[in-house]
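**Q** Quick note: the sequence shown uses the working numbering, first residue 987, plus one each step.
Calculated from the structure, these hints are not laboratory results. Since the model is a prediction, treat every value here as computed from it, not as a measurement. Even glycine gets a Cβ: it sits at the ideal position worked out from N, Cα and C. Just to be clear, a hint being listed does not mean it is correct.
Said to hold, decoys possible - Derived CB-CB ranges, DEER-like:
| no. | residue 1 | residue 2 | range |
| --- | --- | --- | --- |
| 1 | 1126 | 1037 | 12 to 22 Å |
| 2 | 1016 | 1080 | 14 to 24 Å |
| 3 | 1104 | 990 | 18 to 28 Å |
| 4 | 1138 | 1011 | 34 to 44 Å |
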Amino acid sequence: MSTADVRQLTAWLAGPMPEAGQVLREWGRDPEATPVIALGARFEAVRIADAVVHAAVSSTAHATLAWFLAEYLQGAVIRDSGAYYALAPTRTARDWQAPASRCLGRGTGLAVPHPSRRQGPGAHWVVAPERVGDVCDPVRVADLARVGQERLLARPAPRRWPVSHAPAVLDGGAAT
987 MSTADVRQLT AWLAGPMPEA GQVLREWGRD PEATPVIALG ARFEAVRIAD
1037 AVVHAAVSST AHATLAWFLA EYLQGAVIRD SGAYYALAPT RTARDWQAPA
1087 SRCLGRGTGL AVPHPSRRQG PGAHWVVAPE RVGDVCDPVR VADLARVGQE
1137 RLLARPAPRR WPVSHAPAVL DGGAAT
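Please model the complete structure; the sequences and the hints are all you need to start from.
**A** Printed below as a string of structure tokens:
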């Protein structure tokens, strides 16, 4: 990506003025910074918990998740604090009804990393934006949340031993 492309991309992510100037200065001082950007003007974001995304993709491996999310959602995705945030077109929140997810729109903010930040800890891009307007397909984001929720609900609950019948190993004793 050229320097001009990165400049255009960061300006788009930073949002409308005057807020954008502050965000761009913050990234200029520290590319690891994750300023909170107001949503709704240029894009919104759908929040889906890690467990839901991992169930939908059937993986917790970073490379697998990055590949799947890039191919399926066809847009930029941030990971931060136990959740994935799929960038979505403006006005997506208005009609959002997908399970196991929440669309953050106008009046909310999101910690957005510099486009070069691809690793944690903290907010980072699982799928970095490649161009201005690189948002995910909301129908596919909703499908991802639905499939993840269905898979989580279909899993059997972990087997719990009744205390009186627990193997001795669980009590610290020797197995018999």
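**Q** Enumerate the violated hints, using their earlier numbering and listing them in ascending order.
**A** Hint 2 is the one this structure does not satisfy, whereas the remaining hints hold.
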